[in-house]
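> The opening position of the sequence shown corresponds to residue 0 in numbering that gives the first Met the number 0, with each subsequent residue numbered one higher.
It is possible that part of the hints are untrue.
To be verified - Derived pair list, reagent style DSS-like, types lysine-lysine, alpha-carbon separation capped at 27 Å:
#1 Lys44 / Lys154
#2 Lys34 / Lys170
#3 Lys187 / Lys95
#4 Lys95 / Lys19
#5 Lys19 / Lys129
#6 Lys154 / Lys61
#7 Lys44 / Lys19
#8 Lys14 / Lys129
#9 Lys34 / Lys166
#10 Lys34 / Lys148
If you are wondering where the hints come from, they were derived from the structure by calculation, not from laboratory data.
Note that the structure is predicted; figures quoted are calculated from it, not measured.
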Amino acid sequence: MIEPTHLSANDFLHKYFEFKAMEPNLRRWSLRRLKHNEPRYYRLKALLALLKAFELGSHLRKDFTEGGFLKNRDVTDFLAIYEDIEQYIQATPFEKRLISEEGKQVDRYALEAVFQGFMDFLEVMHNTLKFNSGWLEAGCVSARYSIRKTEEVLKSIDRAAIQQIEKLVCKVIDPNDKKLSIAALVDKFDYPDIDLRAIDAEYY
0 MIEPTHLSAN DFLHKYFEFK AMEPNLRRWS LRRLKHNEPR YYRLKALLAL LKAFELGSHL
60 RKDFTEGGFL KNRDVTDFLA IYEDIEQYIQ ATPFEKRLIS EEGKQVDRYA LEAVFQGFMD
120 FLEVMHNTLK FNSGWLEAGC VSARYSIRKT EEVLKSIDRA AIQQIEKLVC KVIDPNDKKL
180 SIAALVDKFD YPDIDLRAID AEYY
C-alpha cells in the first residue's frame, strides 16, 4: 500500500468517521483520556492537526461534530450545496412551482442543516460499508454464508452517489480544495509522524 504524501478534506472526513466508530463516547475525545490507547490517541491527534490546518477550530466535538466551525464560514462557502439545491428545484416540477408561488429562498440556516444532515447520512453509510471489515477469515460455512449475503447487499449501494454527497460536504469543510503536505502538517501542526498500521497491529 502506497502511503499518501498529501491529505485533503475527504481524507479528514474518512479519518473522522473511522475515529468516531472506534471511540463513539464523545466524552473521551481528549488526548489525556486516550493516552493509554495508542490507536485512538494518534487518530485523535491527527484529526486535531487537520482541524487547525483546515481552519475548522481546535476542539473536535464542539468545532466539528457540533458544527461550530460553520459559524465562521461565509455564505459563499455553501455555494456547492446551494447550486445543487437549485438544480434539484429545476428538475422537480412540484418544488419549482412551490418556490415560484411562495417565493421562499434557501437561507444560510437551511444550508447548515443540509450539511449536518449529510454528515449524519455519511457516517451511517461509512459504518455500513465497513460492516464486514472485521472479518480476518471465514473458517466455517455459516460465516462465509453471512459474509456472502451481506456483501451482495453492500455491492448494490450506489457508491458514486455517496461520493457526490461527500464532495458537497468537503466543499464546506475546505472551500479551497487544499492538498496538505503531510511533511508540512508534521512540521506546522504537530501531525503524528508514526506508522499507524504498526501501532494497530501491536495493540490489537
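> If you check each hint against the structure, which ones fail?
1, 2, 3, 4, 6, 9 and 10
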